[in-house]
Amino acid sequence: MKLYCGIMMSGIILSSILAKGAVIDDFERDDPGITSSATLTASIVERDDKGRALSIAWPFPHPRWVECVYKQLRIVDGAGPDARIAIRMEALLPETPGISSVSIRLLDSRNEVFQWTVNVSAPAAAGWRTLVIPIDPEKPNAHWSGDNDGRITYPLKLLGYSVLFSSEKTAAGRVLIDQVQSIPMPSVTLETNRFPFLVNTTGDSKCDLLVSNPEDKAIDLTVKGTLADFYGTTTAFSGKATIPAKGQGRIPVDLGDRKPGFRNLNAVLSFSGSDISYKATFVIADPVERSGGPGNFLFGICSHPLRGPADEQKLHFEAAAAAGATVMRLDMAWSTVEPQPGKWTWEKFDNLVSLAAANGIELETLLGVCPRHAAKPEYGAAFDEALKNAKNKNDPAVWGMLMGAAPKDESWINFVSTVVQHYKGRIRLYEIWNEPDLGFWRGTTDEYIHVLRLAYAEIHKADPNALVLSGGFATVLDHPGRAKNPNLQERVLAEASDSFDIHAMHQHEPFDEFQKAVDGELMRIRKGMKNPRPLYFNETALTSVHWGERTQALTLVKKITYVMSLGAIGHTWYDLRNDGDDPMNAEHGYGLLTSSFRPKPAYAAYIEVVRRLNGMHQIGNLDLGPDRHAHVFGGPKGRVVVWWNESRESAEMPVLLRVGNGSSRMSDIMGVSTELPQVDGIVMAQPRLEPQYLELPAGDAMPEFAGALLSLSGTNETSGGKPLNLDVELKNPLSRNIDVKLTWKDLAGTDKSESVPVAANSTAKFQIVSQAPSEKALEHKLEIRFNALNTPWKGVFRKVIPVAKVLGISPADGRDPDWTLEKSADVINFCQTDPSLAAFNWKGPDDLSTRIWAWRQDGALRLRIDVRDDIHVQKDKAQDSWKGDGIQLALQVPGMKDYWEIGAAMDNDGNILKAAWITPPGIKGAEDFFTVSCSPIKGGLRYDLALQQDKFGLTDKAMEQGFKFNLIVNDNDGTLREGFVRIASGIGEIKDPRMFPTVRFSRSNATQLK
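Numbering follows the numbering used here, with no gaps: position 504 of the sequence shown is 1450.
The reader is advised that the hints may include incorrect statements.
[What the hints assert, rightly or not] Restricting the straight-line Cα-Cα distance to at most 27 Å, the calculated cross-link-like pairs of lysine-lysine (BS3-like) are:
no., residue 1, residue 2
1, K1430, K1821
2, K1334, K1322
3, K1085, K1163
4, K1691, K1677
[As the list claims (entries may be wrong)] Pairwise CB distance ranges (calculated):
no., residue 1, residue 2, range
5, W1292, E1137, 30 to 40 Å
6, P1572, E1729, 18 to 28 Å
7, A1647, K1769, 16 to 26 Å
8, K1017, D1095, 24 to 34 Å
9, G1790, A1930, 20 to 30 Å
10, K1843, E1729, 30 to 40 Å
11, N1567, G1254, 33 to 43 Å
12, D1296, A1164, 47 to 57 Å
13, A1164, G1790, 46 to 56 Å
14, E1729, G1667, 38 to 48 Å
15, P1582, T1168, 47 to 57 Å
No lab work stands behind these hints, which were simulated from the structure alone.
Where is the CB? At the ideal position from N, CA and C, for every residue including glycine.
All chains should be modelled from the sequences, with the hints used to inform the complete structure.
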């Protein structure tokens, strides 16, 4: 007879769960398939008349616990992101006390071990008992190994078992285990109005937790949970339901005021003494209107529906359409439609074309990816030889040789003409190869131009209404993939602008780097086109890996707005959904949706930017000062200003705009809006770091910038301990006098208020002395509250003021570093936008990080740089040492013309390398102005540098008042320069000393160490 006993798990008694399960192991064999050890013996034993069981026996003495592992892991069926299971097993435990718990260990697809535990006590009577261990992915008892991030990736495999003793004095004994099964637990899914997990803002809303009960009896279920919005504000909800046996039940989620935007749901469902954790995301948003086709801005999304099962492909188009996209960029791999010469297989791509049409989406189709039968002989032979010699026949580097091969003319012409004829009238946009400036194209620049010319002629011959895009060029910045054809894009624009209709460009970067690249090098090379062509950013984005989902959403709005303001004809975000779930793989973070089609904040942001800008045209840009964006668009829906501060140091300036009569509103990127009251046709609003939509009355006229209600001068930088003397200017654009009440922190840190009269149509100046920043602060957050009395204009003026970093309290030994660079925000990685270079993505602090100390002693600026780097490679000469592992540092002294940039490295033979790349005019032999030594440390290398103060113009006065300083550490693991960590921008990605932070040394340090 089998006896079921109550089981303690995390202090909760679990009731019987006896649903039919899937057998994981029944032990009906001779060999246990489990490794024994000195502290554990695994064997198969007879179990009376009920077959066999696993025996886990331990000797005495023994450690606190014993564990065993399968030689060949066993698949655990039924578990998945939306499918909960428990592990049920029959167990015979010793009758004497001593066993504290039994644990099950599962291994996920990334080799991370997860453990769930059931607490046990001595049985009241001899016999077998049934143990049930719920596998709650949110609450494992422990996890380790693999990527060790605590996030389960499916499928799961049974790794083994462990037994924990109450003490090391527990006698020798054994546990018998039989009939290990996975059994379904009540499962939870989220049901909403529309796919993918969209809830209406207005009208009927549907947001229910749908619970499925696999048991043979009804369960009473309660739920407690929270909803967090994009800004982290949380609200609680709860509910109850009785779920019928083998049936389903719903628990509505209380949405409160139903403000639009992203929501993160976190709930615990309790039933029969056990809990289920459930997490989900959804977006509150009404359907968005779309306007596709010629003449409209192209809101695009890249996707890869052919990578998934056929029944999932329609979800790509439904999700893109629901976001407001009018274009989907798809790659038509040549071998998909012509696997053999002259043999055409249209079914797969025909299905995608039909799905696109059904969802109102236009396809932008990528032609390329050379098959073996079409490759030029020399490329085909090189591939064959590489494949023959490859240990791994699936090596992406080897297959990249074929996919990027230059095709034979006759094969290419036939492929292009046949495809365009087949899809005439159904596909309008054709792109010629993906990122030909990188490794996706292995031919020469001349060969690419030739291929482009052939395609242009054939496409227009087959379909005069079709448009040809140049290959979507990856970047104008330094990139290891550009080594073969470094000027390919520039030559294509200069020599072949008559062979494409649209210039396609990518440029994945954070927005500030994107803007610099576009405004600088991209615009320079575009001037070389003899036949000007419109610009289409048809693949540009930012991964949420390392950068975070919040930054990704903000970047999306900035990029779409900015390229629209430049007159580009479209923007395509890469990607619709994450390619996977690896939290360290940048390619697994580009999606607007997770790999399981759950929305990320960027999806909500995409919906809202389409809602605001669809059908709009650019009117102009407002000049609000440096590092401030204000782009004005107009259309049938009215006018909208999309604005933000690009720099944290840009004040939240109260901007006054003459907008004319009519309603004005301010909305955030999620769509939450507030009314902006007018005074004589003027509104006041404050741009912030996050983009906002300023909705204005209809018209085509530019709103007039009437000034800033409050502005400051002379506050770009300060020093710790020094009071802030602030020159305030107040602006009154009205035809009547006003008084502006100001409140700030005085020297003692207490509030001080003053009302300042400002005459009609004039300005007034006022000086305040504010609280001094801390000596140790790196920045000072200034706040001045303002209230223009008898108007609705009031708020808080906020400005981040950099504080010069005080250095050199003492030498490095025994104190904390002045800088620690180990976060993703400190890293610039050149490879994360190139899937073929995914192996070189930054993987965390052990891959590359640094700690930096600085002090002055004996007439020298001294630096200690401890670099953690898993692989040290430096095979270049001193002048090219920046290509390998090494240091680049820069400094600029006040009043100096130009600046210094020097470098230090240790080559593979242990020799010290020194370089001086940039010096003030007339300086020679600067490599002799500093010394370098290197020594190994755990996990990396230590650099000790001493810069002679007098040689670098670092007088005591300059060092105490402050000078500009910056440093980067380059990383090369043997194949290419992967990137670097940096104190700040201004060296590696762009040369600009204005971006360097200011540092200074305390006078006390000078006295102490001279």
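Would you mind confirming whether the straight-line C-alpha gap from K1430 to K1821 stays at or under 27 Å? Distance of about 19 Å is within 27 Å: holds.
Supplied distance hint 46 to 56 Å, evaluated on CB atoms of A1164 and G1790: Given range 46 to 56 Å: holds, Cβ gap about 48 Å.
Hint says 47 to 57 Å; check whether the CB-CB distance for D1296 and A1164 agrees. Taking Cβ atoms as reference, D1296 and A1164 lie about 48 Å apart, which means the hint holds.
Regarding the pair K1085 and K1163, is the alpha-carbon distance no greater than 27 Å? holds (26 Å)
Within a Cα-Cα threshold of 27 Å, do K1691 and K1677 meet the stated pairing? holds (22 Å)
Taking 18 to 28 Å as the hint, is the beta-carbon distance of P1572 and E1729 inside that range? Check passed, 21 Å falls within 18 to 28 Å.
Look at the Cβ atoms of K1843 and E1729 and judge whether their distance stays inside 30 to 40 Å. holds (38 Å)
Hint says 47 to 57 Å; check whether the CB-CB distance for P1582 and T1168 agrees. Roughly 50 Å apart at Cβ, these two residues keep to the hinted range, so it holds.
For the range 38 to 48 Å, tell me whether the beta carbons of E1729 and G1667 fit it or not. About 19 Å separates the Cβ atoms of E1729 and G1667, which means 38 to 48 Å is violated.
Whether the CB-CB distance between K1017 and D1095 falls inside 24 to 34 Å: At 27 Å between Cβs, range holds.
Quick one: are A1647 and K1769 within 16 to 26 Å, going by C-beta? The hinted range 16 to 26 Å is violated for A1647 and K1769, with Cβ atoms some 45 Å apart.
Evaluate the given range 30 to 40 Å for the C-beta pair formed by W1292 and E1137. holds (37 Å)
Comparing the model with each earlier hint shows violations of hints 7 and 14; every other hint is respected.
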